Amino acid sequence: AQSVTQLGSHVSVSEGALVLLRCNYSSSVPPYLFWYVQYPNQGLQLLLKYTSAATLVKGINGFEAEFKKSETSFHLTKPSAHMSDAAEYFCAVSGPSGTYKYIFGTGTRLKVLA
Amino acid sequence: NAGVTQTPKFRVLKTGQSMTLLCAQDMNHEYMYWYRQDPGMGLRLIHYSVGEGTTAKGEVPDGYNVSRLKKQNFLLGLESAAPSQTSVYFCASSYHNRGGVSNQPQHFGDGTRLSIL
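In the order they appear, the protein sequences are chains Y and L. FYI, the numbering for the first sequence is 1 to 114, going by this note's numbering. FYI, the numbering for the second sequence is 1 to 117, going by this note's numbering.
Incorrect hints may appear among the rest.
Below, a list of computed lysine to any residue pairs in the SDA-like style, where the Cα atoms sit at most 20 Å apart [what the hints assert, rightly or not]:
{"id": "1", "chain 1": "Y", "residue 1": "Lys69", "chain 2": "L", "residue 2": "Val101"}
{"id": "2", "chain 1": "L", "residue 1": "Lys9", "chain 2": "Y", "residue 2": "Asn41"}
{"id": "3", "chain 1": "Y", "residue 1": "Lys101", "chain 2": "L", "residue 2": "His29"}
{"id": "4", "chain 1": "L", "residue 1": "Lys9", "chain 2": "Y", "residue 2": "Gln42"}
{"id": "5", "chain 1": "Y", "residue 1": "Lys69", "chain 2": "Y", "residue 2": "Asn41"}
Calculated directly from the structure, the hints in this document are not laboratory data. Remember, predicted model here, so these are calculated numbers, not experimental data.
The following block holds chain L by itself, in its conformation from the complex (with noise of 0.2 Å):
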């Protein structure tokens, strides 16, 4: 059972090239999330989403888009990388959370390291 799994693991970028990150979840989650983790700041939320064909933003989500054509594929995606989005990008997933409360615990993919240079 192989979790959540994000691709790439590593990437280095030049300013203003784009790319796609992938994360896929084979639990049958409804839930699944994109945060970014920075030294002393925690994680904090990009993107979500609810199900498929449905996102909303999070905390930080200038500069991010996402789709989610597929319940198990969750895409994040840098249209034109600044220096300031090099970070470890996290997905994670959960299931339906009752009453809209977020009572599920989240399962996460090991992250994929990004370097804009």
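This is chain Y alone, in the form it adopts within the complex (with noise of 0.2 Å):
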């Protein structure tokens, strides 16, 4: 079955340090695999999709992610974190084949600090 763990619950980096928020997932089969960012009280915004086009995948507001099949993970990074940044984060696969479902991370919320 398909799963999303999320590790750590609160990060917390320093305006211009790199921000690194880890997704791993369980799947039976190729995954699609996304990040989404939810600013307070906002609904979720699409950062980024991995779809098997390339392991590596851009996102807006200069995040990144890297599919890593081998360590089933799908870590989002930023090489300088900015004050708007603050925010939840959430990873999510998609759902077993002919469910159109997707399942999600419970969210990791990113502080960033002066």
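With the hints as a guide, bring the two chains together.
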């Protein structure tokens, strides 16, 4: 069965430091993977998605993620954190074939320190 | 382009009252979903629809009903509200997934914050 694990419910980084948000997945078939960002009092917005075209995926706002099949990981990174990156981030994996569902992680809240 | 619009944005109910949450999308998406978001639990799927006139149960369907009479609208109903249904509710929609695999990103509304007293 498909599942997603996000390590660290809260992550703090200094402004200008590297951002690394971890996501590990479990899937019985080649997965489709997504990262979403949620700002306070808003819905989720797509940051980037992996659909098997390239293992390094670039998204909006300077974020990127690398698909590593051997590690079953899809970690999100950004070289230099900005105050505006403070938000909650969700990793999601496509559900089992034919179910039309998505499986979401429990989220990681990113805090950026001045 | 409005995208996904949820109505209302906030609501307070008393235990036992009923209400309907409305979700409308203007992107001609086939698929629509209702989730609830609770602290530390991520998003949990309540019900979803893969087309007009069709609905299916998700992970936490008890206490909720849905209808999709028009392609652009997806309604979530609470027949008899309970305090355990206090949550933030999100509607999402997506394009048709080829081969039945969810390979299209979802588009989310801004949520409905519901409190049950």
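Status of the hints after comparison with the structure:
no.	hint	result
1	Lys69/Y with Val101/L	holds (19 Å)
2	Lys9/L with Asn41/Y	holds (10 Å)
3	Lys101/Y with His29/L	holds (15 Å)
4	Lys9/L with Gln42/Y	holds (11 Å)
5	Lys69/Y with Asn41/Y	violated (34 Å)
Checked against the numbered hints above, the structure violates only hint 5.
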